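Following the hints, position chain Y against chain U.
Top to bottom, those sequences are chains U and Y. Plus 4 on top of the position in the first sequence (first one is 1) and you've got the working numbering. Plus 1214 on top of the position in the second sequence (first one is 1) and you've got the working numbering.
Just so you know, the hints here were simulated from the structure itself, not pulled from any lab data. Only a predicted model underlies this, so the values are computations on that prediction, with no experimental measurement involved. Don't take each hint at face value.
[To be verified] Now the in silico label distances, taken between C-beta atoms and shown as ranges: (1) 212/U - 1362/Y: 43 to 49 Å; (2) 1236/Y - 361/U: 44 to 50 Å; (3) 848/U - 1226/Y: 55 to 61 Å; (4) 595/U - 1362/Y: 36 to 42 Å; (5) 1237/Y - 617/U: 43 to 49 Å; (6) 1270/Y - 361/U: 38 to 44 Å; (7) 1224/Y - 673/U: 49 to 55 Å; (8) 825/U - 1373/Y: 28 to 34 Å; (9) 224/U - 1237/Y: 29 to 35 Å; (10) 1270/Y - 422/U: 54 to 60 Å; (11) 202/U - 1227/Y: 48 to 54 Å; (12) 30/U - 1373/Y: 44 to 50 Å.
C-beta: ideal position from N, C-alpha, C; glycine also.
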Amino acid sequence: MNYYVNGKTFAAEPRPGQCLRTFLRDLGWFGVKKGCDAGDCGACTVWLDGVPVHSCLVPAFRAAGRQVTTIEGLAGHRDLHPMQQALIDAQGFQCGFCTAGLAMTAATLTEEDRQDLPRVLKGNLCRCTGYHSIENAIHGMKSIEEPLPGEAFGSNLAAPASTEIVTGKARYTLDVHIDGLLHLKLLRSPHAHARILSIRKDRALAVPGVHAVYTWEDVPRLLYTAATHDDYHSDPNDTYILDNVVRQPGQRVAAVVADGVGAAEEGCRRLDVDYQLLPAVFDPEEAMRVGAPVLHDKGAESRIQRPGRNILLELHANIGDVEVGLEQADVVHEATYSTHRAQHAHFETHCTIAWIDEKHRLNVRTSTQTPFLTKAKLCYFFSLYPNSVRVFSERVGGGFGAKQEMVTEDICAFAAIKTGRPVQLEYTREEQFIGATTRHPMKVHVKVGAQRDGTLTALQLRIVSNTGAYGTHGGSTLFHSTGESVAVYRCPNKKIDAYAVYTNNVPAGAFRGYGLSQTIFAVESAMDALARSLRMDPIEFRRRNVIRPGDPMTSLGLEAHDLDYGSCGLEQCLDLVNDALVDRAALACPEGDEWLVGKGVALAMIACAPPTEHRSEACVSLEAAGKYHLAIGSPEFGNGSTAVRHQLAATILGTSPSRVISIQSDTDRTGYDTGPFGSTGTTVAGKAVHEAAESRRDRVLDFAARHFGTGSDKCRLEQDAVVCKGTRIGLTDLHDAAREEGRLLRVVRKAYGTPRTVAFNVHGFWIAVHSVTGEVKILQSVHAADAGVVINPLQLRGQVEGGIAQGLGWALYEKMVFDQEGRVVNPTFRHYRIPAYADIPRSEVYFAQTTDVFGPLGAKSMSEAPINPVAPALANALADAMGIRFHDLPLAPDRIYRFIFGKHPRDPHSAPDRGNLSGSDRGLPADDTLAPEED
Amino acid sequence: MDLNTVSEVARPSTRDEIPNWSDSDAWLAGGTWLFSEPQPDVRRLIDLEGLGWESLLVHEPGLSIAATCTISRLYGLVAPPEWTAAPLIRQCCQSLLASFKIWNTATVGGNICMSLPAGAMISLTAALDGVCTIWPREGGERRVRVVDFVTGVHQNVLGPGDLLRSIDLPAYALHKRTSLRRQSLTHLGRSSVLLIGTLCPREGTMAITITASTVRPIRFEFPGVPADDELRSKLQEGIPDAWYVDDVHGTPDYRKHLTLYLAEDIREELSAGGSV
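Chain U on its own, in the form it takes in the complex:
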């Protein structure tokens, strides 16, 4: 049978059980993406005889003789289909991995369908955008601008890769054809804790197509950490590429390399592993007790602080005297807040292709946020010189921190070195849940006191973070969790005790917010409770207590050495949210007495770089064609930083962003970059671009000045020329002249993540909660962000909206559920629900007017931070509406209803948890919210 794809005929035959998605990719149509491979996300949507289907669910043989259209064929003979153009115009994407499927769906919608987007977009999930820009695209709204030369800064520039993304031509990690590619699959542990006594390979090796099987006995026995930081000492060395002890269900046990995925899977099924089961522990408090099973019986070289008590790191700090502060307080709130495990759910799963080239160099094409750090680890493992390894990514399909981790590169590179063949490892969606990282669940006991006038007197936190089976970012996130959440409040007495603890769960890692989201949920809930106790407006209460420029930012220590107020828009953000949260009377409240209405706010501060070493190098060259070439090591994974960097460079060079051509994230072709994490895409990589572009400009002008025999102050750069006293010299000619003189055409500048400034976010909600069904409706969502000078309002708004959506997912629905053996019960998008279009309200987004003294042209970070105040703002609104304060998440209807209806009537006298309020003997009212009992 023949297959017809995008007007071409193919005689190839699919395998009997092959789905259409992989068959199309085998034929070279790489625009067809895998998000879930289970029909839930729609990234693989194609047309079959003009009808949209999820190609991951369609048996490939059923497409025989029918017309298949993929994103590559959507435009037909046009340059772009109108929907593709609309997606560019409204920037209805960020990482772009879901975009092809969205375009293939949206292009089929009728006018009637467009009026019912919640239903028709059920089958198209997006993790980045928060759906607002997608809605705008479908409604044909144009948001982008084409700035004049030199005026890109501050404009709504489209992402430079826009056309490639909407046409399916943007190449993500696995969108390449490589001859002789082998596939690697991992056998994973069914047990939470076990010693591997033996692994018999013979039956696996007998499977036709299997080339090799690797176990812990085959790989270098070197301890490392999968977390990537410039200084690897930041994280514990507690991991082996393959180990003879498994510490979580889902841990790698062995790797099988075969001609195809099917043979590798079969090989995994035929491995005979003999396990000696060991006792397991899942609760971090239990894990810290004497006599608990010890996960890592390792020495000081592991940098685990107290391995015998499963404590990766503990932190203790005392500023002032909290006991005195609590005595001075007129009202005290004390409660334990806990947060759950969640998954990043970036759409491009972890994946890598590794090969040895003809020069015997190791090449690693991979989905990473940190190519340079990954390269360093690979050199360490395999004793390779840095110049014999190349790690790169073209475009990364989302990360949210998950790819600040070496998840697939190590074993894939090992297999490539051993077999001498190119090897690919692609995580399934299930593996994302069981064999990657998650957000750290944290239990935060808060004790906070204030005086009658609202002045904070004491702030005390005890934090217990569950890092799971491996430390990775456990220590660093613990450190971060104690930072800005506490430092943002001016309070003379602070005390922190914090523990990062090993358990036999799937490990936690870096995830947008990096520990802060969890403690901010606790602190902002507690502040709200205090304000309510004092009968004080929660925003007014915060105004009184937040830091102002000049105040020390104190948390773990008196002050971080390099953290400073480059600018401070916190009060503006509070005002913006306060002003925008309209009167209740103006809200469109649902009808009926069952709906309870409430308002909540929360704030968040974040440092605009991590305290660990962070640097970036930008190279700006003048090219023969008179364009500029920008090379930067920082990858693009949907954070919009490429557009921002083009704007910075084009503005300084007086040209249009389209005349800046950039390459990025390639250890062979770009200078060193620590990686876009810790909110550094703009503040560090952007700063390097800023400085390189300025230097490039100055040199061009100097050269031109000499050419004209005048001073450089008389010359100015235009789109493609230097103009001096009415005469022009084209950049092409200038380039040639400079080269003739042997002048350097490249300029390299480095930037460092220090000193660090601070950015702020405030979120506010009006919500209605149904007192019978527990359903939450968001009536108004308002977010104010202080990102300094806004380089690109459109991209920034997208980051904020995406952060809000991810925050709402965590606050309302998303929760990884485990069985008694520690296995993930819901490792699919069908059962782990990330927000769909229907779940996310439109938010009002406001920006504070500040100019930062440290950031490039006054700008600050704002891709990570918007998530932080969302969950507590929602919980505070719920407390306002229901009179019940939830101390944990998610705020799902089946948990909410229980506390409004029946079991816990709204009666303050039957409150189960009121002993924590000390204000009564001073005649002050207590927080009028109740605390639900633990589930």
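Same frame as chain U, now just chain Y:
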């Protein structure tokens, strides 16, 4: 996803051509569930598409739906105007978590044979007195009410090699007044509870069919519209707590609570407005 253990596809065009069933066989209708999860034990797919069953037949006895009828075909049905229950078809399709794109391949029979609590085609056909026609492995035909077809989560009366051929909705049921209520933890998400009430305009009998909240469909029939306390006590007595589903899409107590609440809502709606 790829089902890499599958090495063969049988594509019968008549019942006689259906090969002898083995334990490593799987029926392939739309494939939307089969291809959505790993199936390491499946070696052969038996594709039902080639059997060429007429998707929908509107005739005097009612509506006959082939098991292989896609959801989108059913959704697009132009029903006779006197079928007052017809709007329920679209409501149930829209109650599926699956998007309209999945409807283009997913089948009514597949949804019923999957026998998940939230299978909205079960809700629809159980509420409208549907009867399944089964082709037993050994030959012949067997008929069983939809409400009895599903026996638990992922469980039904089909034995290995048995095949669901069609579902018949009797005309009298299609003339009933209906009322649907559902709730899910996320907007338009998988149903935590899906209740359908029907009222027979001729005889005044009322039925409430409970799905999604319970491990199998449960139907309560009343000679007329019951009083609120009668309905409540019938439901409370008739559904043991253990029958309420416990999974990530809703706790059992929540499902019970909503079942009782929404049943009353339906009762009120059907008791108002008289017969159609």
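Going down the list of hints, with the structure as the test:
{"no.": "1", "hint": "212/U - 1362/Y: 43 to 49 Å", "result": "46 Å, holds"}
{"no.": "2", "hint": "1236/Y - 361/U: 44 to 50 Å", "result": "48 Å, holds"}
{"no.": "3", "hint": "848/U - 1226/Y: 55 to 61 Å", "result": "59 Å, holds"}
{"no.": "4", "hint": "595/U - 1362/Y: 36 to 42 Å", "result": "40 Å, holds"}
{"no.": "5", "hint": "1237/Y - 617/U: 43 to 49 Å", "result": "59 Å, violated"}
{"no.": "6", "hint": "1270/Y - 361/U: 38 to 44 Å", "result": "59 Å, violated"}
{"no.": "7", "hint": "1224/Y - 673/U: 49 to 55 Å", "result": "52 Å, holds"}
{"no.": "8", "hint": "825/U - 1373/Y: 28 to 34 Å", "result": "32 Å, holds"}
{"no.": "9", "hint": "224/U - 1237/Y: 29 to 35 Å", "result": "43 Å, violated"}
{"no.": "10", "hint": "1270/Y - 422/U: 54 to 60 Å", "result": "58 Å, holds"}
{"no.": "11", "hint": "202/U - 1227/Y: 48 to 54 Å", "result": "51 Å, holds"}
{"no.": "12", "hint": "30/U - 1373/Y: 44 to 50 Å", "result": "38 Å, violated"}
Violated hints, listed in ascending order, are 5, 6, 9 and 12; each of the other numbered hints is respected by the structure.
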